[in-house]
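**Student:** Those sequence lines, one after another, are chains A and B.
The first sequence begins at 1 in our numbering and counts up one residue at a time.
The second sequence begins at 102 in our numbering and counts up one residue at a time.
Don't take each hint at face value.
Straight-line Cα separation of at most 16 Å, EDC-like style, residue types lysine to aspartate or glutamate; simulated pairs [unchecked claim]:
1. B:K160 / A:E25
2. B:K160 / A:E60
3. A:K63 / B:E164
Don't read these hints as lab results, they were simulated from the structure.
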Amino acid sequence: MLNKQILNLVIESLKEIGEEDKKPELLKVDKTTRLYGQNGCLDSLGLVRVISNVEEKISEILKKDIVIASEKAMSQRSSPFLTIESLTNFIVELLNSEENA
Amino acid sequence: MPEVIIITGSRKGLGKELCVYYLEKKNIVIGCSRGPSAIDDPNYTHYELDVADERQVVKMVKEVSRKFSRIDILINNAGIASMNHMLLTPLETVQNIFNTNYFGTFLFCREVAKVMVRKKYGRIVNFTTVATPLRLEGEIAYANSKAAIENFTEIAARELAEFNITVNAVGPTPIPTDLIKNVSREKMDALINRQAIRRFGTFEDLVNVINFFIDKKSDFITGQILYLGGVNK
């Protein structure tokens, strides 16, 4: 349930940026879409915008104040920013750990 | 339209004066400090927090963003000082100074910039000091923390330029506030003698520079460190 909700928030954020920047490739993304790095659809500034968009949506909808670009994110063996799915999973994990903290 | 302004370190001194000044100009001001505020104004909201506490800063900025949907201006005023010879400075003092001055500035800039990025607009003003370019003896930890803020300001200005967010810093000369109340008159005079214009700074001197930096027309002014009193790097 939470996983699907976060997945939708991430996709929605990408679409908003796609519309704003007139980038059609950001309008037809799915969970397998590569976000950042080789063949990624975002440059570093694009990633910054997506992260801040997603954090804002989570704050507004779920009333949870999280920092996605955390020490934990940066120290993962496989970057959570690689694909939409990996970012979604990372955020869900972050929210669950906040819940249990 | 009123602007939404966050001012850190707003319980007393310059921070409090800045809050009152921008409230009088019909803006919405959100302040923070470790203690409660004495400002009683319907357009003022106060948060009691430690500016170096990441969780509290994130919570505050996200709450402000939810409430007002934007943050136009951030004034990173919160700061502490310590006047000591290096050989008499405990490590804990250095850590405390860096926590409040540098980490606090970093955290607020990072979190507020996330809100500004979405609106593609923002003005950030950081605080440095003339003690940094003057390499003032006896203020090593304080001057070092402000040197870090200056370099941060210059790099953040580049990283945020794409989003129409400007980041600048003002470096006041001594202004008679709590921060310098324990410094001897002789030391103050020696410092003031190193300025091109030899007098104490005033609140009006400071606010003049801040108003210049936050002006909508100042969209081509970023990454600048402006010292008062004719002090140069």
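**Student:** Looking back at the hints listed earlier, which ones does the structure fail to meet?
**Tutor:** Structure breaks hint 1 only.
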